[in-house]
Amino acid sequence: MPEYTLKLRRYSPETGAAAYWEEFTIDLDGKRSVLDGILQAKDRQDGSIGIRCSCRAAICGSCGVRINGKPALACHTHLDEAAATAAGAGWNPPDQGQQTAVITVEPMGNMPVIKDLIVDMDAVHWKKMQRVTPWLLPDGDPPEREYVVPMESMIDVTQTMACIQCGACVSDCLSMEVDPLFIGPAALAKAYRFVGDPRDGRHEERLKDLAEDPHGIYDCTHCFNCIEACPKGVAPMSQIMRLRRIAGSDHDIDDRNNGRRHEKAFVKNIERNGLLFEADLLPDSYGGKFHPRAVPELLSSLPAILKALQRGKVTPKKALIHEHKADKAVKRIFEQIHDKDERYELNLYVVGYEDDIVEEGQEA
Amino acid sequence: MKVAYWPGCVSRGFTPELHGSMAKVAPLLDIELVELDRACCSGAGVIAEHNQELADTLNARTFALAQQEIANGADLMMNICSTCQGAQSECQERLDANSEYRAHVNETLSAEGLTYEKGIANKHFLWLMVEEIGLDAIKAKVKRPLTDLRVGPFYGCYIVRPTDRLNIGEEHPRDRYLQMLIETLGGTVVDYAGAYKCCGFPIITMNKQNSLKQAGTHLGDAADADADCLVTPCPLCHLNLDLQQPLAEKVVGRPLNMPVLHLPQLVGLAFGLDPKELGFNKHVVKPTSVIDWSTSVVAGVGDGQGSGGW
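Protein chains in written order, with my numbering: chain A, 1 to 364; chain B, 1001 to 1310.
Mixed in with the good hints, there may be bad ones.
Below, computed lysine-lysine pairings styled on PhoX-like, alpha-carbon distance capped at 25 Å [unchecked claim]: (1) Lys-317/A - Lys-1143/B; (2) Lys-1123/B - Lys-307/A; (3) Lys-1139/B - Lys-1276/B; (4) Lys-1208/B - Lys-307/A; (5) Lys-268/A - Lys-208/A; (6) Lys-1118/B - Lys-318/A; (7) Lys-268/A - Lys-1276/B; (8) Lys-208/A - Lys-115/A; (9) Lys-317/A - Lys-1118/B; (10) Lys-307/A - Lys-1276/B; (11) Lys-1250/B - Lys-1208/B; (12) Lys-1118/B - Lys-1024/B; (13) Lys-264/A - Lys-1250/B; (14) Lys-1213/B - Lys-307/A; (15) Lys-318/A - Lys-1139/B; (16) Lys-1282/B - Lys-317/A; (17) Lys-307/A - Lys-328/A; (18) Lys-1143/B - Lys-289/A; (19) Lys-1123/B - Lys-1002/B; (20) Lys-208/A - Lys-1123/B; (21) Lys-289/A - Lys-264/A; (22) Lys-1282/B - Lys-1024/B; (23) Lys-318/A - Lys-1123/B; (24) Lys-70/A - Lys-1213/B; (25) Lys-1024/B - Lys-1276/B; (26) Lys-317/A - Lys-268/A; (27) Lys-1282/B - Lys-1250/B; (28) Lys-1002/B - Lys-318/A; (29) Lys-268/A - Lys-331/A; (30) Lys-1286/B - Lys-307/A; (31) Lys-1250/B - Lys-1276/B; (32) Lys-1002/B - Lys-307/A; (33) Lys-1208/B - Lys-1282/B; (34) Lys-318/A - Lys-264/A.
To be clear, the hints were calculated from the coordinates, so they are not data collected in a lab.
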């Protein structure tokens, strides 16, 4: 049986000692999971290792941890894969002089550690989940029998329903890292589950709430970490972008965070200029150069603007006049697509990749 | 090598030194740049957020224009902006995955006589250097090795995530290319917390405090790891890390003074080009430590060319 080295992050608050690393050697087949490895160490070497787990089949979402620095389900990661990553593939080069691959396992980020690999999901994840009112709020009396929902609508929200509440996306959210109040990827993906559900009667109210909150949908930096982290393909960031799209384009919610104004300003800017004209984008994102909102913002940006002028990064002429104008064909595309009654969105999670489908078909 | 060249917007706007330094470095690598001057902004994720079909159609148009150049002898399409790479790869993924959707988008493009054919090769300059030119060939061109220069890689988000869409894996360890390149150029890679994190730029108009806190934190982490400078393949990251650095300093409450170089600037420096020629004077945070380094090293090695300094 092959041997693997697991380097676990240990921490017991009651001892008063700081967190530390401890290595365990385990012997298991490479196709067994990292969770199996941790449980073997717990069983044979140290019964005090703290890990939360239940189903061991990637469905209960209990064993979210960071393996070699990246979020994963311990039960859904093979030991041989984890050892390969530890040995230098991807983002984790081996330490200099390190002889064998050491699989590091840490608790998830952005949440307080209770013990060893167990984090306090209640304090962060579940609180944020509550924040988005995660239940259906239908309008009017319920129908006599069941609600009838069109198939397309249910398929549309399937992606968010795949969430197993493991917290991997919360762990790696870069916005939450600097703003712990950010509602975050898991909860906002859950919000889309109801905004996309035709049975819910409070779409606009939900969207307004999430758009106006300074820690809501417009606090996401679009870093893709949650998409990368999710073991179930929920793509929380894509759901946040859909919430923004529906809030801005369908409900015209002019939020106090300038989210919609920024989007509108950006789109207009490209339609007009073809290439982005930064000097217009900044004031327009606040409602225009003379908008009461824009003035303090522009003043606060003045040191940066003056420095840019001083260094010749921007010339006064370039700051005032954009020489590039959009090609006629570009303007036509904007007009043609904006004139459509419905937006055409292709969700690859739902329709799949043609090549994959063909290959599967051939095999059959 | 001839490439259909997409410089993006910001490299011709608020970071003109990026476009300029690329133009200087390209001939040294025998790259002929055929600029796609009729193409428009990739949308930087914002147009896709507004309307997916619009972003896909605009980028399909850019790809179609590039494919015309490829038909005329260009090898592939090249960009110099991580955000363009990410935004365009996202659109390309949808366009390539579904022929019906592709036909629908091409229908809109047909008014201009353009068609996008599935499977364009669109590579960032970083990817092109490692995969098409090769690190050995690059090493052979180094005139002024970056000896003792401590460089922190700052990838930004769009060029490293999601890994499956960007084809990052064992065959193409694209998430290690900056480190590999810094070493090839003779520099020392600085390992610090921010290399793969977000600069915060996308929310600068929505939540300035959080945006600048991200930039300031990463710059501070690099300073704590004794980096002389950062290098980034993304001009939007450069805006938040360099242009906004004086404001980021206020948010994180510490002086940072961390120069941030564009990728072609770092390459040009090692190839012996003059810092001023590479637009170092256009940075908000003067890359003094890098310049001092370049003059002191040139005095000792190579033929002493390109040591003009300021």
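Now for the hints, and whether the structure bears them out:
no.	hint	result
1	Lys-317/A - Lys-1143/B	violated, 37 Å
2	Lys-1123/B - Lys-307/A	violated, 33 Å
3	Lys-1139/B - Lys-1276/B	holds, 23 Å
4	Lys-1208/B - Lys-307/A	holds, 19 Å
5	Lys-268/A - Lys-208/A	holds, 23 Å
6	Lys-1118/B - Lys-318/A	violated, 38 Å
7	Lys-268/A - Lys-1276/B	violated, 36 Å
8	Lys-208/A - Lys-115/A	violated, 38 Å
9	Lys-317/A - Lys-1118/B	violated, 41 Å
10	Lys-307/A - Lys-1276/B	holds, 18 Å
11	Lys-1250/B - Lys-1208/B	holds, 12 Å
12	Lys-1118/B - Lys-1024/B	violated, 32 Å
13	Lys-264/A - Lys-1250/B	violated, 30 Å
14	Lys-1213/B - Lys-307/A	holds, 20 Å
15	Lys-318/A - Lys-1139/B	violated, 38 Å
16	Lys-1282/B - Lys-317/A	holds, 16 Å
17	Lys-307/A - Lys-328/A	violated, 35 Å
18	Lys-1143/B - Lys-289/A	violated, 48 Å
19	Lys-1123/B - Lys-1002/B	holds, 13 Å
20	Lys-208/A - Lys-1123/B	violated, 40 Å
21	Lys-289/A - Lys-264/A	holds, 15 Å
22	Lys-1282/B - Lys-1024/B	holds, 15 Å
23	Lys-318/A - Lys-1123/B	violated, 29 Å
24	Lys-70/A - Lys-1213/B	holds, 23 Å
25	Lys-1024/B - Lys-1276/B	holds, 11 Å
26	Lys-317/A - Lys-268/A	holds, 21 Å
27	Lys-1282/B - Lys-1250/B	holds, 22 Å
28	Lys-1002/B - Lys-318/A	violated, 30 Å
29	Lys-268/A - Lys-331/A	holds, 10 Å
30	Lys-1286/B - Lys-307/A	holds, 11 Å
31	Lys-1250/B - Lys-1276/B	violated, 29 Å
32	Lys-1002/B - Lys-307/A	violated, 37 Å
33	Lys-1208/B - Lys-1282/B	holds, 24 Å
34	Lys-318/A - Lys-264/A	holds, 22 Å
In summary, the structure is inconsistent with hints 1, 2, 6, 7, 8, 9, 12, 13, 15, 17, 18, 20, 23, 28, 31 and 32 from the numbered list given earlier, while agreeing with the others.
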